[in-house]
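Protein chains: 4
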Amino acid sequence: MPDPVQTVHQALDSFRIETPSWGYSDTGTRFGKFHQPAAAIDLDDKLADAAHVHRLTGCCPTVAAHVLWDFAPGTDPAVVASKAAALGIGIGSINPNLFQDQIYKLGSVGSPFENARDQALAHIIDCIKLGQVTGSRAVSLWFADGTNYPGQDSIRARKQRFEAALKEAHSHLSADQVMLVEYKPFEPAFYQTDLADWGMSFLTAKKAGPQAKVLVDTGHHYNSQNIEQIVAWLLDEEMLGGFHFNDRRYADDDLTLGSIDPYQIFRIFHEIHGFARERGAYPEIEYMIDQSHNLKPKIEAMLQTVCTAQELYAKAALVDHEALSAAQRKGNIVDAEICLKKAYNTDVTAMLGDWRVGRGLAADPLQAHRASGYTEKAAAERAKRRQDLGIATEHSYA
Amino acid sequence: MPDPVQTVHQALDSFRIETPSWGYSDTGTRFGKFHQPAAAIDLDDKLADAAHVHRLTGCCPTVAAHVLWDFAPGTDPAVVASKAAALGIGIGSINPNLFQDQIYKLGSVGSPFENARDQALAHIIDCIKLGQVTGSRAVSLWFADGTNYPGQDSIRARKQRFEAALKEAHSHLSADQVMLVEYKPFEPAFYQTDLADWGMSFLTAKKAGPQAKVLVDTGHHYNSQNIEQIVAWLLDEEMLGGFHFNDRRYADDDLTLGSIDPYQIFRIFHEIHGFARERGAYPEIEYMIDQSHNLKPKIEAMLQTVCTAQELYAKAALVDHEALSAAQRKGNIVDAEICLKKAYNTDVTAMLGDWRVGRGLAADPLQAHRASGYTEKAAAERAKRRQDLGIATEHSYA
Amino acid sequence: MPDPVQTVHQALDSFRIETPSWGYSDTGTRFGKFHQPAAAIDLDDKLADAAHVHRLTGCCPTVAAHVLWDFAPGTDPAVVASKAAALGIGIGSINPNLFQDQIYKLGSVGSPFENARDQALAHIIDCIKLGQVTGSRAVSLWFADGTNYPGQDSIRARKQRFEAALKEAHSHLSADQVMLVEYKPFEPAFYQTDLADWGMSFLTAKKAGPQAKVLVDTGHHYNSQNIEQIVAWLLDEEMLGGFHFNDRRYADDDLTLGSIDPYQIFRIFHEIHGFARERGAYPEIEYMIDQSHNLKPKIEAMLQTVCTAQELYAKAALVDHEALSAAQRKGNIVDAEICLKKAYNTDVTAMLGDWRVGRGLAADPLQAHRASGYTEKAAAERAKRRQDLGIATEHSYA
Amino acid sequence: MPDPVQTVHQALDSFRIETPSWGYSDTGTRFGKFHQPAAAIDLDDKLADAAHVHRLTGCCPTVAAHVLWDFAPGTDPAVVASKAAALGIGIGSINPNLFQDQIYKLGSVGSPFENARDQALAHIIDCIKLGQVTGSRAVSLWFADGTNYPGQDSIRARKQRFEAALKEAHSHLSADQVMLVEYKPFEPAFYQTDLADWGMSFLTAKKAGPQAKVLVDTGHHYNSQNIEQIVAWLLDEEMLGGFHFNDRRYADDDLTLGSIDPYQIFRIFHEIHGFARERGAYPEIEYMIDQSHNLKPKIEAMLQTVCTAQELYAKAALVDHEALSAAQRKGNIVDAEICLKKAYNTDVTAMLGDWRVGRGLAADPLQAHRASGYTEKAAAERAKRRQDLGIATEHSYA
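Order-wise, the sequence lines are chains A, B, C and D.
For the record, in the first sequence the residue sitting at position 283 is 284 according to the numbering used here, with numbers rising by one throughout.
For the record, in the second sequence the residue sitting at position 64 is 65 according to the numbering used here, with numbers rising by one throughout.
For the record, in the third sequence the residue sitting at position 218 is 219 according to the numbering used here, with numbers rising by one throughout.
For the record, in the fourth sequence the residue sitting at position 232 is 233 according to the numbering used here, with numbers rising by one throughout.
Next comes chain A alone, as it looks inside the complex (with noise of 0.2 angstroms):
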């Protein structure tokens, strides 16, 4: 077994999470939001709160966009490109918004209706396109698609439509994009949601081209499901293209992450650092955050949700591979479970120091954040602004 700290090191050194620029701005429940003056108002104020992430975590250098929310129309995605640049950090994967539009009420692509549909897979394709300007490498796909009562549409018309989109769509990709496919099981859709499972996202991809990804929201699951065997299965037949990470207790609950079940969070990386392991190398996944950080403060969430995944991640590169698999063999069951139990129940926070101060950050990116002073000044600055722009804050459910 190698020394404990180079080993979790070396996890850390090849590490990258990407955070959404959603998760900057305020967001909330059906029954309302909770503003927060720090709050990001524009693209603007979302590329320096992920760039400020990014100078004390090291290790989130893109930004995930989300093209209806941070594309006003007549934006040059190439100056959006630069702008971030200029800030340290780079547009990540593109995010189309396929549920917003008056049109989408019966679905986007999945509509019985042919405008909805048209308009859906045209604004996929001006999200490839984008992609391309920005140099992003993921376009990641979820669709809202589905219906609230039986009867309402056919399910098997409503899943040839979806193969002919994605299809269509994939055709569309550069050779160094990829299509990530997410699946749901509901919400806003709450009778059926066209991809509503792994198994969905799986055909789905594979019909649609082999650039075509399944994406992993961590909070998209029934109740009891087994995640890590979900991405055990999505390695092995390489077709995992990467996470939207997250917790819950209930249901799409995005809270942070490793909030409620943490060892869940462990366990999905055991996976990924097993299947390294075995093929000699990780494959390319990309790792985003996809939470709403509707009470914590935006940024404060973010990093803590960055460090978590690191603290997780290295913990599971902790695990002893050699006598794992020996206990397996044997059908040691106990032994198995200790090297899991083991490496979980290490405490990494000061390994995890060491390596943030070797590379010139803060051992504790809250502590520094919170020293900085970057949230009391966003706070009067954009409270200010958004008085001035009129913006108004007010939200009714009914």
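Be careful, since some hints might not be right.
Identical copies carry no separate label here, and so any pair may be met within one copy or between two of them.
To be verified - In the DSS-like style, the derived pairs of lysine-lysine whose C-alpha atoms are separated by at most 27 angstroms in a straight line are:
id	residue 1	residue 2
1	84	331
2	168	106
3	106	378
4	84	106
5	168	331
To be clear, the hints were calculated from the coordinates, so they are not data collected in a lab.
Given chain A, put chains B, C and D in place with the hints provided.
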């Protein structure tokens, strides 16, 4: 066994169901709202829609009010009650809003902040008084209170804050008012909800005082929880205050009643009929609808729900309780089950139609509504008014 | 819309459902079995019971066999097939037993131990050959394989062992045999089940070969998972091999079909009728019952299930597909839903009775069974035989 | 903040956990049992195993007894207690068996049959008396009672039968005995369980009398239910009687504690430490293990569980309650959460080892056990004895 037609008609004679004002206006999910031109804009619209539904069904004499959304500051509730009366309906349960104001970020009566708790309690007391003016029987309390993260607050401190607040509120009830205490496992709180299940509502109501009862929202349960058992227990404890009816597949989906699992609703009604048979009288239960008509036309969804409630209530009235009891005493599971199935499988469509025609109503309220042109007229007028008022219909998740 | 009676009768004409041999014998939970005197002791009893059910219903011409429980070592399968034929029925799907032998402690074809894998594969191949002798079409594979603890075994290694074994087994199929691959989320494995969902069965079957299809057990899903959607996808992929019918509330409860959520079963049948309409023919699907009649009298439970399956299959045949498609195309959710609800709410009891009488059967198979004295006779004879054979009926959980 | 080592050692000083006699013998699922040669055959074996575990851990001074399995008819409980005392342990909670006898097919105290209810009540009273002889504090009641099908029995009648029975049983308690009332959502009952959740246990215990408390089995909850909240409420109501510890992913999986979700167990202990801090003393809680060691070696599984319980209890003791309360009062969610996470992430392995060594125990009980040769010796002797006694190890599901 008495004549089934008579049994069904007698059951319908005593069955009243309250429609919610918010079911007539635009609602959605956190990802946005799909707007309908005919959706109600203000309280006058809601009263008109509710009166229309009552005219068509003959069994919806009251409309539930959501105070914040329905009573603009300065509104005289007595005037509202008069308006409603002029339309042939009454103001039903009063629903405080304890989640929308920014002050409720960490809770209302459960908040760690005294000013939030004070505002919430004052609002509840205002609602109690408002109910006295409008002649409403029930003040219906749903709390979004809870926490999103382990450690966020003391669970026991929050419990005690609830007990204190509801006891104080109860002291303001007049003799003919009831306080209904609703529970919900999650959403918008994602780690812990202060009143998460029937047991928590039960204990809190008991401590509040004798006029506090439990409100059962059919969508507010854990997956696979047996709702009719909870109803049976609350009946036996004389603590069942009322229902919020809707249907669900995953979470609090707020779909129309019986659209997903109609047999479950039948079984709930069966518990009530059985209880009434034994006690010789029906308990005083508030039957209320609480749904989000996000995709279906609002009034059609409401009519469908009312008719489904009548249908399942009528079917449940057809259970042969003598035969059922005899089978139960003998431990004859198959025969006991058949008693339920036989009643459930009876097609009561014609009996319901006859009952309606006998009361001067159309046999099919939905068709009568469509023939009335009500929605087209409302759509034209309200679309224009919405435009004149400059009401924005934009919503962005992030 | 054609005549409903004719539609129902045509639907029933082509509907066959297979009863399971184990549904006639005593089963229980881990906490014990409650014994019934009339429960089948051996294969002869099971064949007699299955033939009795077929005589009463006219739609259960085959009985599924569980090899370990039904074919004692040395049994000549051809003799069994002859016995069955003499009783007027045939041997249906062949079910290997891959979980009861002590060697399967850590799995069968997924075990880390080669001797367990070898024994399992050999047993499957034996079952394939046995099916050829008995003239069975389907070999139905359910695997209890999985792990109880994180780390216990390599998830990917187990996946690969499954792929290898089923590919090998598939090569032994004759041209008219199919291999059905069942999935189940948990129990008896509690951390991870090797074939946990439809996607895992689908991929494994695809790799096994063209005669491998997916088997859907209605009780083997996560809470709130949409089974009819899975059925629709499998139909569209031409990968639906058959069903194990039962009902559930919590886990794999193995209750009688439609006893908890009849509308769900109706919707599953609706997908099949809709698919057949579009393709012009019904796909070849094995409809099989897989239930545990722990408390209900075995034969009564079976008859109830068969009749409920016919009832819901018939109701689903009544859906007006033209009206449904028209509503779907217009996005008219309410009218589309009403197409389903109208068919579901039709009381088909009399139509079923007529169909039976027209085929020389009693209108009500359950009453005919009770009148026949079959159970009393079986109870007397089997109780004595059980005593003579010294069959213990003790069971202790710990 | 006091010295962590001292805090941990003090916490461990007062922490006792009871092992269950049935955890030492062979258990399984409904699909069968996998037998271990070293599994306990009779009560003497179980006492020996429990004493061995206590010698190794120093914190398991009592063993729970399952009356039917442990006390053969004619056994003098005083003799058993003496035997246990001679081995250095005591008889802990007494567990009646109210589900195995054929008379309990439709329930025990909830059965529609008077003879079943009478037998059940008499058995409970016998257990109370037996506990008085053995010097046990707790009589621990788990009821398998419930129904499998809608209509099978009257839910309210069953509720009332429970109330009457437990009130009667309570009157037989001596002053120093407690009656623990356990709940469970399902299994073996699949439609409705009479005591399905904490609220039902709470009400039933309240009606039974002041010495009746609620027993929380960590595996007996709905998916995603917040167990620590239930614990907090029961503590606040002074109704928490004890725990049955185990872990789960899907249902009542009875896996070893902390094997699936260790952070949840930490949070449960945190509620207890917090309550004790406020009240100045720890409440009297029975910490008991209730697991099925179906695959893991029995004694290893028990040692792992005990050590994990100590570890998580110790970690939870490290929470800085001053800092936590301060953060909660300010609504600082991130800092409050960090208080929990910091304690949870502390590696307490060495502190536990030191505590053990300081008490003359091995630092690692599992390694000490393996080095002792206990299992090999037991396996040899018990395998032979099992053979001599002609104990069958066969089990067939159907």
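So, going through the hints one by one against the coordinates:
1. In the homo-oligomer, the alpha carbons of residue 84 and residue 331 never lie at most 27 angstroms apart, since the shortest distance is 56 angstroms inside one protomer and 37 angstroms across protomers.
2. For the identical chains of this complex, residue 168 and residue 106 are intra-copy neighbours only, at 23 angstroms inside a copy versus 44 angstroms across copies, given an alpha-carbon limit of 27 angstroms.
3. Proximity of residue 106 to residue 378 under the C-alpha cut-off of 27 angstroms is restricted to the inter-copy arrangement: shortest distance 22 angstroms between copies versus 40 angstroms within a copy.
4. In this assembly of identical chains, the alpha carbons of residue 84 and residue 106 never lie at most 27 angstroms apart, being 35 angstroms within a copy and 34 angstroms across copies at closest.
5. Proximity of residue 168 and residue 331 under a CA criterion of 27 angstroms is satisfied inter-copy only: 26 angstroms between copies versus 46 angstroms inside one chain copy.
Of the numbered hints stated above, those contradicted by the structure are hints 1, 4, listed in ascending order.
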